[in-house]
Amino acid sequence: MKPIQVVEGRAIPLGLKNVDTDVIISAQYLKTITRKGLGQGAFETIRAQPGNIFDDPAFARANILIAGDNFGCGSSREHAAWALTDMGIVAVIAPSFSDIFSGNAFKNGILTVVLSQEVVDRLLEVAKTDPIRIDLEAQTVTTPFQDRFEFEIDPFRKHCLIGGLDEIGMTLSEDAAIAEFETAMACDRPWL
Amino acid sequence: MSDKPRTLYEKIWDAHVVQRRDDGTCLIYIDRHLVHEVTSAQAFEGLRLAGRKLRRPDLTLAVPDHNLPTTARLDADGKRIPIADAQSATQLAALEANAPAFGVRYIDAVAAEQGIVHVVGPEQGFSLPGATIVCGDSHTSAHGGLGALAFGIGTSEVEHVMATQTLLLAPSKTMEVRVDGVLGLGVTPKDVILHVIGVIGAAGGNGHVIEYTGNVFREMSIEGRLTVANMSIEAGARAGLIAPDETTFAYLRGRPMAPTGDKWDKALAWWKTLPTDPGAQYDKVVVIDAADIAPCLTWGTSPEDVVPITGVVPDPASFADPSKRAAAQKSLEYMDLAPGTPMQEIPVENIFIGSCTNSRIEDLRAAAAVVKGRRIAANVRQALIVPGSGLVKRQAEAEGLDRLFIDAGFEWREPGCSMCLAMNPDKVPPGERCASTSNRNFVGRQGPGSRTHLVSPAMAAAAAVTGHLADVRDLAPLGENA
Chain A
36 MKPIQVVEGR AIPLGLKNVD TDVIISAQYL KTITRKGLGQ GAFETIRAQP
86 GNIFDDPAFA RANILIAGDN FGCGSSREHA AWALTDMGIV AVIAPSFSDI
136 FSGNAFKNGI LTVVLSQEVV DRLLEVAKTD PIRIDLEAQT VTTPFQDRFE
186 FEIDPFRKHC LIGGLDEIGM TLSEDAAIAE FETAMACDRP WL
Chain B
24 MSDKPRTLYE KIWDAHVVQR RDDGTCLIYI DRHLVHEVTS AQAFEGLRLA
74 GRKLRRPDLT LAVPDHNLPT TARLDADGKR IPIADAQSAT QLAALEANAP
124 AFGVRYIDAV AAEQGIVHVV GPEQGFSLPG ATIVCGDSHT SAHGGLGALA
174 FGIGTSEVEH VMATQTLLLA PSKTMEVRVD GVLGLGVTPK DVILHVIGVI
224 GAAGGNGHVI EYTGNVFREM SIEGRLTVAN MSIEAGARAG LIAPDETTFA
274 YLRGRPMAPT GDKWDKALAW WKTLPTDPGA QYDKVVVIDA ADIAPCLTWG
324 TSPEDVVPIT GVVPDPASFA DPSKRAAAQK SLEYMDLAPG TPMQEIPVEN
374 IFIGSCTNSR IEDLRAAAAV VKGRRIAANV RQALIVPGSG LVKRQAEAEG
424 LDRLFIDAGF EWREPGCSMC LAMNPDKVPP GERCASTSNR NFVGRQGPGS
474 RTHLVSPAMA AAAAVTGHLA DVRDLAPLGE NA
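As given, the protein sequences belong to chains A and B, one line each in that order. Be aware that the first sequence starts at 36, since it is given in our numbering, and climbs by one per residue. Be aware that the second sequence starts at 24, since it is given in our numbering, and climbs by one per residue.
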C-alpha cells in the first residue's frame, strides 16, 4: 500500500447521508476476478443522472471524497473500498462511517477522516471551487482560506497508514517469528 | 505450557501459536490452504500488485469446483468442452493461470482427482488431524471430521495466508455437543447434524468451535463425520471437531498426500495425544440422546427449521419468540406451505444428491440401497446424482451404482458443487421444490425462487422414488433376494 502523509487535491463534494455499499458498487460487479476496474461501476445509480458531480470535469482527478453521515453502511463487500481506490480516492471525509466500511477502507489504505457536520458543511462549500489538504501526521484538514480543522484517528491505524503498512505488511514484518516457527515445526511435525 | 487439562481445540490452537499479543489475539500458523476458483482471483491479484510471493506453495492445493458445469467436460475427441457462461469461464481460467504462476499444485477440471474441495482434501490425505486448514469457503468446517481445526475465510484473509501462511485470530469459545446412545433405524449422520442444528439453532454456535463427542460420533465412519463437521457452520460455529481415533488413522493411511514411513509413525504418535483431556472444561455443553433423533428434514428457509419426517409443517403461532414467529411466517410463504401439512404429503419435482455435505461413496451407497429395484416417480422432473470427486465417481461405477441410478431415471453427473448453490447451470426452477442433500435451504440458494428441503441421501432417494417427501423406513430394500 502507498504510504499516506499528506493528501492534497480536489475533493468531490458529494455530501449525501447514508451512502450504502450498494450505491458505491452494486451487486452485479461482485463476480469479477479483479479489484481493479471497479471504478467504472462505482456510484452507478448517481452517475446515471445527467450533470452529476462524479462526471464533472473539475473533479476528474479528485483524490478526496466528502460525504454525509454513515458513509459505507450496508453489506460488508470489500468491493466498495476496491472501487474507491480504483477511482483514485485516497481519503474520505464524513461525520461518521459504518464500522465494516472503515475497517475495509483501512485494510485497503484509504484514510477515513471524521469531522463534525458543521466542519463537513464548510469543506463541502470550499471543495466546490478549491482544493483541500489533509495532513495525517499533524491530524489536520486545511483550506486555501486559512481554515484549519483537527481530527482524531486511532494511533495504530495512523501508524499503519503513514508507513504504508497493510495487515499483510504488518505480519510480514514478523517474518523472523514465522520462520522460527517453521523451523521448529519441521523438526516437531515433519509430516506437515 | 501448564498441565491444565485441555480440549482438542485448545491443543491444536496452542500448537500453532506463532505469536501471542497482549489483547489475546494470536498469530496462528496455517498448515493447509485449499483454493478454488471463486474466492482466489483477487487474492492472487493482490500478491501480484504488491510484488509478493506465495510463501508456502507446498502447503497449498487448488481445485476448481463451484462454477464447473457437471455435464461432460470432454468431447468425443477428448478435447475440453468450453464453459458457456463467460464469467464462470473467466474465473476458471484465472485459477488455471494463477496456480502455476505461483507454484501451487493444481488439480484441473478433467483430472480423475478433481472434485469438491472439501471432498478432495480428505480423500487425498491433504487434510490431516491436528492441522490448521483454511479455504475461502465457509464449509471448510468439514475437514474437522478428521480432527483438524478447519474454517472458512474471506478474500483478504486468503491473500494474508498466501503471503504469510498465518492468520491473526482471536481464540474461540468451546462447545461440546455430546450424543450418546443407539441411533434408530434409518437415522444417518445427516439426520444427526440436522437434529443438532434444530436443537441449538442456526446462531447457537456463534463464537464457538464445536467438538462432537459421545459414542455416536466414535462409531461413525469418516464420511459421516465429515458430513457432521461440514454443517457446523449452519449452527453458527466457524469450526467443528471430532477427535481423531483408529477410524481416522485407518482412513488416512496410504492416501496419496498422507505421510509415510517414519513421518507416519511420528504423526500417529502426535495425533494420539490430541483428544480432549479428562477434566477439560468446555464453555458450553449440549447433551442429546441418540434415541431422540429421527430421520428428519427442513421445512423452512433456515437450517434450524428441522422436523422429523413423521411431523407436520409447524404453525408460526407455536413459536414463543416473536422474531422467530415472523421468520416462520415468511418462510412458509416462500416455501408455499400451510401449517399442519404432514411433511410426507409434500410433493417434490427435483432431487439433488451431492454437495460437500453428502457426495461421498457411502452417501451414494445409501441412496442406491433405497433406489434398487425402483424407479423415480412420474412427477420428478430432475434427479441428479453428483459424485463429490472423480475418484468417488470411479468407485461408484466399479460397484455398478451408476447403472442402477441411470436405470432408475437419475442423471449421473461429473463432480462439482452443482445444484447446492446455483453458480453453475444446475438449478432448481423458480417455484419448484427440491429434496436436497446439500447444506443450505436459504431463499434462492438453489436458484431464484427455489424451495429446498434438506435431507439425507437415503431420504432424497426415498423422495425420488415416491415423488414426495417420504420416510425411508417405509421403503424396505428391494434387493435381488427380496
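By construction, these hints were calculated from the structure, which means they are not laboratory data. Hints may be right or wrong, so weigh each one.
Stated by the list, open to error - Distance condition first, Cα-Cα at most 25 angstroms in a straight line; then the derived DSS-like pairs of lysine-lysine:
1. A:Lys71 with B:Lys76
2. A:Lys66 with B:Lys347
3. B:Lys27 with B:Lys347
4. B:Lys76 with A:Lys142
5. A:Lys66 with A:Lys142
6. B:Lys76 with A:Lys37
7. B:Lys347 with B:Lys307
For this structure, which hints from the list above don't hold up?
2 and 3
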